[in-house]
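On the provided structure of chain A, position chain B as indicated by the hints.
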Amino acid sequence: MLAVILASLYSCKKESVPPPSYQDAVYFYISAVNRNTSDTIAPFNGTYSFYYKFDSTAMLDTFWLPAIRIVGNTSTQDRAVKLVAIDSATTAVEGRDYTLLNNVIPADSFATSKAGIVLLRSKALADSSLRLTVQLQPSDAFPGPMIYNTLIEQTVFAGNTFTITYTNNAIEPPYWSSVSSYFYQWGRVKYEFMAKVLGKYLALTPVTAEEASHLFDYLVRVKQAFQEYNAANPDKPLVEDDGSSISF
Amino acid sequence: MRSSCFSNKNNQMKYFFFFISITFFAACYKDKGNYSYHTINDVAISMADSFVVITGDTLNVVPQLQQDIATDERRLCFEWSVRVEGGVANNSPDSADLVLSTTKELHAPIKLFAQQLKYALNYKVTDTVTGITYRKPASLRVTNDLSGGWMMLEQDGSKSDISFVNTFQQKAFHHVFSKANPGITLPLNAHHVYNFYFPAVTVVDYQYPRSLLTMLLLQDRGYVLENGSYKIVSDYTTLFTTPPAVKRPQWMSVTGPSKTDLSIINDGKLYRRFYGRGQLYFGDAYPTTDKSNYMLASIATYAYAEKSIYYDVPNHRFLSEFDGNIYELIQNGYNPWDAFDPNNVKGDLLGMGIGFYNVYAVFKNEDGASATIYQFVQGGVSGKTEVEASSDISKSPGFAFTKGRQQMYYGADNNVYLYDLAAKNYSTIYSFSSNEKVTAIGIEGDDLLIVATYNGSEGKVYSFALENTGLIKNSTYNNLYTGFDKVVNICYAQ
Numbered sequence: 482m483l484a485v486i487l488a489s490l491y492s493c494k495k496e497s498v499p500p501p502s503y504q505d506a507v508y509f510y511i512s513a514v515n516r517n518t519s520d521t522i523a524p525f526n527g528t529y530s531f532y533y534k535f536d537s538t539a540m541l542d543t544f545w546l547p548a549i550r551i552v553g554n555t556s557t558q559d560r561a562v563k564l565v566a567i568d569s570a571t572t573a574v575e576g577r578d579y580t581l582l583n584n585v586i587p588a589d590s591f592a593t594s595k596a597g598i599v600l601l602r603s604k605a606l607a608d609s610s611l612r613l614t615v616q617l618q619p620s621d622a623f624p625g626p627m628i629y630n631t632l633i634e635q636t637v638f639a640g641n642t643f644t645i646t647y648t649n650n651a652i653e654p655p656y657w658s659s660v661s662s663y664f665y666q667w668g669r670v671k672y673e674f675m676a677k678v679l680g681k682y683l684a685l686t687p688v689t690a691e692e693a694s695h696l697f698d699y700l701v702r703v704k705q706a707f708q709e710y711n712a713a714n715p716d717k718p719l720v721e722d723d724g725s726s727i728s729f
Numbered sequence: 066m067r068s069s070c071f072s073n074k075n076n077q078m079k080y081f082f083f084f085i086s087i088t089f090f091a092a093c094y095k096d097k098g099n100y101s102y103h104t105i106n107d108v109a110i111s112m113a114d115s116f117v118v119i120t121g122d123t124l125n126v127v128p129q130l131q132q133d134i135a136t137d138e139r140r141l142c143f144e145w146s147v148r149v150e151g152g153v154a155n156n157s158p159d160s161a162d163l164v165l166s167t168t169k170e171l172h173a174p175i176k177l178f179a180q181q182l183k184y185a186l187n188y189k190v191t192d193t194v195t196g197i198t199y200r201k202p203a204s205l206r207v208t209n210d211l212s213g214g215w216m217m218l219e220q221d222g223s224k225s226d227i228s229f230v231n232t233f234q235q236k237a238f239h240h241v242f243s244k245a246n247p248g249i250t251l252p253l254n255a256h257h258v259y260n261f262y263f264p265a266v267t268v269v270d271y272q273y274p275r276s277l278l279t280m281l282l283l284q285d286r287g288y289v290l291e292n293g294s295y296k297i298v299s300d301y302t303t304l305f306t307t308p309p310a311v312k313r314p315q316w317m318s319v320t321g322p323s324k325t326d327l328s329i330i331n332d333g334k335l336y337r338r339f340y341g342r343g344q345l346y347f348g349d350a351y352p353t354t355d356k357s358n359y360m361l362a363s364i365a366t367y368a369y370a371e372k373s374i375y376y377d378v379p380n381h382r383f384l385s386e387f388d389g390n391i392y393e394l395i396q397n398g399y400n401p402w403d404a405f406d407p408n409n410v411k412g413d414l415l416g417m418g419i420g421f422y423n424v425y426a427v428f429k430n431e432d433g434a435s436a437t438i439y440q441f442v443q444g445g446v447s448g449k450t451e452v453e454a455s456s457d458i459s460k461s462p463g464f465a466f467t468k469g470r471q472q473m474y475y476g477a478d479n480n481v482y483l484y485d486l487a488a489k490n491y492s493t494i495y496s497f498s499s500n501e502k503v504t505a506i507g508i509e510g511d512d513l514l515i516v517a518t519y520n521g522s523e524g525k526v527y528s529f530a531l532e533n534t535g536l537i538k539n540s541t542y543n544n545l546y547t548g549f550d551k552v553v554n555i556c557y558a559q
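Chains as they are written, first to last, in my numbering: chain A, 482 to 729; chain B, 66 to 559.
Looking at chain A on its own, in the form it has when it is part of the complex:
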């Protein structure tokens, strides 16, 4: 009987809660909403072109990375994130072609408000492109293990590595996939023609829901102009730089 009572009283013993089994860490956070979740590579790759600055004197620009979020609790102090270039996957040279910003997780925050890299329009860029692969690595503030690029529960792309390819040339704009269901494959001549008709370059910035609702109007407007152009220039139809045909 006494043993039962003692056993029952044992449950009153204050239990010491073990510390969390994880260490603070950081990772790139990319929402998978409205993305193709079967492609786990594209979300961790970005492109940039100085061409779309439309200013030959512009010598630098900031490329904004996906948000960086934390594993663990917030802190009362700003905490620096360790972001380094991976030499084996990088053709750009630090200081000449890019500068890493001092990205931090602000006090009382779960994520960076903005994390970026300054891309420099160096002579090395010329007519080619440069690649810069950056990686989040453990640091004093965030010693925990890193998350490899992956899709989590079909809702979030999380990872530690991001690759930027940048150039001086006209390339597929960063948000072309937002309009590709209407305009299909990107091409330089096609894109310039669209810009001339529409009076703006599509998909250089995120396509809002409101703009997306006008895409079909844009399409038939461009199609009409394209038909008129080809009718007026039967011997010189609009084609891409490599001679491939264009259609809308």
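These are computed hints drawn from the structure, not numbers from a lab.
All of these numbers come straight from a predicted model, not from anything done at the bench.
Be a bit skeptical, because a hint or two may be false.
Stated by the list, open to error - Partial selection, computed: residues in chain A whose CB lies under 10 angstroms from chain B:
# : residue
1 : T648
2 : N649
3 : N650
4 : A676
5 : Q705
As the list claims (entries may be wrong) - In silico lysine-lysine, PhoX-like type, Cα no more than 25 angstroms apart, as pairs:
#  : chain 1 : residue 1 : chain 2 : residue 2
6  : B       : K244      : B       : K525
7  : B       : K296      : B       : K356
8  : B       : K334      : A       : K704
9  : A       : K681      : B       : K296
10 : B       : K324      : B       : K183
11 : B       : K296      : B       : K176
12 : B       : K296      : A       : K704
13 : B       : K411      : B       : K356
14 : B       : K176      : B       : K189
15 : B       : K224      : B       : K296
16 : B       : K324      : B       : K334
17 : B       : K176      : B       : K201
18 : B       : K176      : A       : K681
19 : B       : K324      : B       : K468
20 : B       : K372      : B       : K296
21 : B       : K296      : A       : K677
22 : A       : K704      : B       : K312
23 : A       : K704      : A       : K681
Stated by the list, open to error - A partial selection of chain B residues facing chain A, derived with a Cβ cut-off under 7 angstroms:
#  : residue
24 : F116
25 : Q180
26 : V269
27 : Y273
28 : R275
29 : S276
30 : F305
31 : P322
32 : T354
Glycine included, every Cβ here is placed at the ideal spot set by N, Cα and C.
Chain B in isolation, oriented as in the chain A frame:
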């Protein structure tokens, strides 16, 4: 030994009950802790649940706050925000909250895009003493002058134009087409204006965002118009993969089980854009399953699923469609032709519509005065009603059907009629002055009837709120818009 055993057991039981009693009585111990209790200051927020504002205008909201205890509102802080939807296509950003104001009352200019979907408006009140936040959600419809209302195709005797009735502002905007397209004169053969809404669809990995399409059809051409401005975007043939040989657009409608597709009758042939399958343009004209020729009337109706009904004029027959083909209605056990033979219907088709799962086709009979209403359900015939000449039904310039009731509205001369399709009788529900003739009729949902009249010099547009019985509320109109030409076609625009 036996006694000793009993004695030991008794002692154990005494100790046990003593211990248990002490434990129980511990619950009676008066807690002398030094606590300070107080009631939490709850804040109740009262304001409307929905608001409408014209883009660029100031939205004024004065909420009523009621605090349980405190009356000093200096301890409260406020935030008004609107949820701005992110893009719906790939690579679009997440939604974000746009803070409009941090004052108790909202008096802020709204620069959001006018759109058909409502924005989520959120009001937050935080008690800085308790740290508790109270919220009041509401919806915000942002409109502009030329969206959210009725498009009126009108004629002034020598040309056509489009005017617009904004139902939120309860205001008419006249001649919006000619103002938006200076130098272009619309001839009198313009016959239909349309505004279609397509929900977002996903096809494999591609997302097609929700969109609107505004169309203007003339006898020998058509235009895609810019939503909300009525500027010409392109010729209607841009909607085709291969433009039709003859340009004669007659009729258009959304179609498909989820209303994602679009149909057009052009030069008597039916075309369909399977947008729900990611098809951007109309394909080739539908053939009949038996390869027979057909020439569709300019009047048809969308019906549920694939059961739309069309009338083949030279062959005096009704046709339906299925997955790329158009075919004669089939008689079987489920669809006997007891009511009528759909392959032998003569007369002039005046109107078609869908009411309470039935498709109705109104024909003027060969006597030129009486009418016959043919009825279909699920692509099969289901009834036939002869309507006497006194109903004036054959004089009506248009028909409006209610989806939730078996009723049909029409107009003739200066009267508006309600025809009960179940009871098969009609009644006059409103009469204008004798010189005002009904020229067009439309319906929004099942509860707002729009009727256009013309007196020879001026067109007027009346809106009538409808009772659940189908009759006019308070027996009169609730809005009147004036200064139109002769309105010949009405369509609601998102």
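Tested hints:
1. Look at A/T648: its Cβ only gets to about 19 angstroms from chain B, farther than 10 angstroms, so that hint breaks.
2. Nearest Cβ of chain B to the Cβ of A/N649: about 23 angstroms, over the 10 angstroms cut. The hint is violated.
3. At about 21 angstroms, the closest approach between the beta carbon of A/N650 and any beta carbon in chain B exceeds 10 angstroms, and the interface hint on this residue is violated.
4. Restraint check, A/A676 versus chain B: the minimum CB separation of about 17 angstroms is more than 10 angstroms; hint violated.
5. A least Cβ separation of about 4 angstroms between A/Q705 and chain B falls short of the 10 angstroms threshold, and the interface hint therefore holds.
6. For the suggested pair B/K244 and B/K525, the alpha carbons sit about 20 angstroms apart, so the restraint of at most 25 angstroms is met.
7. With a C-alpha separation of about 40 angstroms, the suggested pairing of B/K296 with B/K356 is violated against the 25 angstroms cut-off.
8. The suggested pairing of B/K334 with A/K704 holds, with an alpha-carbon distance near 24 angstroms, which does not exceed 25 angstroms.
9. In summary, the hint linking A/K681 to B/K296 is supported, as the alpha carbons are separated by about 18 angstroms, within the 25 angstroms threshold.
10. Our distance criterion of 25 angstroms between C-alpha atoms is met by B/K324 and B/K183, whose separation comes to about 20 angstroms.
11. Distance hint between B/K296 and B/K176 is fulfilled; the C-alpha atoms sit about 22 angstroms from each other, no more than 25 angstroms.
12. With a C-alpha separation of about 16 angstroms, the suggested pairing of B/K296 with A/K704 holds against the 25 angstroms cut-off.
13. The hinted pair formed by B/K411 and B/K356 meets the criterion: a straight-line CA distance of about 22 angstroms does not exceed 25 angstroms.
14. Between the alpha carbons of B/K176 and B/K189 the distance comes to roughly 21 angstroms, so the proposed pair stays at or under 25 angstroms and holds.
15. Distance check on the hinted pair: B/K224 and B/K296 sit about 17 angstroms apart at the alpha-carbon level, within 25 angstroms; holds.
16. A threshold of 25 angstroms between alpha carbons decides the hint, and for B/K324 with B/K334 the separation of about 20 angstroms falls inside it, so the pair holds.
17. A threshold of 25 angstroms between alpha carbons decides the hint, and for B/K176 with B/K201 the separation of about 22 angstroms falls inside it, so the pair holds.
18. Straight-line distance between C-alpha atoms of B/K176 and A/K681 comes to about 21 angstroms, which keeps the hinted pair within the 25 angstroms bound.
19. Taken as a hint, the B/K324 and B/K468 pair is honoured in the structure, with Cα atoms around 15 angstroms apart against an allowance of 25 angstroms.
20. For the given pair, B/K372 sits about 34 angstroms from B/K296 by alpha-carbon distance, which is inconsistent with the 25 angstroms threshold.
21. With a C-alpha separation of about 18 angstroms, the suggested pairing of B/K296 with A/K677 holds against the 25 angstroms cut-off.
22. A threshold of 25 angstroms between alpha carbons decides the hint, and for A/K704 with B/K312 the separation of about 18 angstroms falls inside it, so the pair holds.
23. For the proposed pair A/K704 and A/K681, the alpha carbon gap of about 16 angstroms is at most 25 angstroms, so the pair holds.
24. For B/F116, the interface hint is violated, since its Cβ never comes within 7 angstroms of a Cβ in chain A; the closest pair sits about 19 angstroms apart.
25. Interface restraint check for B/Q180: the shortest CB-CB distance to chain A comes to about 6 angstroms, inside 7 angstroms, so the restraint holds.
26. Proximity of B/V269 to chain A is violated relative to the hint, the smallest CB-CB distance being about 9 angstroms (cut-off 7 angstroms).
27. Given the 7 angstroms rule on beta carbons, the hint for B/Y273 holds: about 5 angstroms separates it from the nearest Cβ of chain A.
28. A distance limit of 7 angstroms between C-beta atoms decides the matter here; for B/R275 the minimum to chain A is near 6 angstroms, and the interface restraint holds.
29. The criterion of a C-beta within 7 angstroms of any C-beta in chain A is met by B/S276, whose closest approach is roughly 5 angstroms, and the hint holds.
30. Checking B/F305 against chain A by beta carbon gives a least distance of about 10 angstroms; that is not within 7 angstroms, so the hint is violated.
31. For B/P322, the suggested interface contact is broken, since its CB lies about 21 angstroms from the closest CB of chain A, more than 7 angstroms.
32. Violation of the interface hint for B/T354 is found here, the shortest Cβ-Cβ separation to chain A being roughly 31 angstroms, above the 7 angstroms cut-off.
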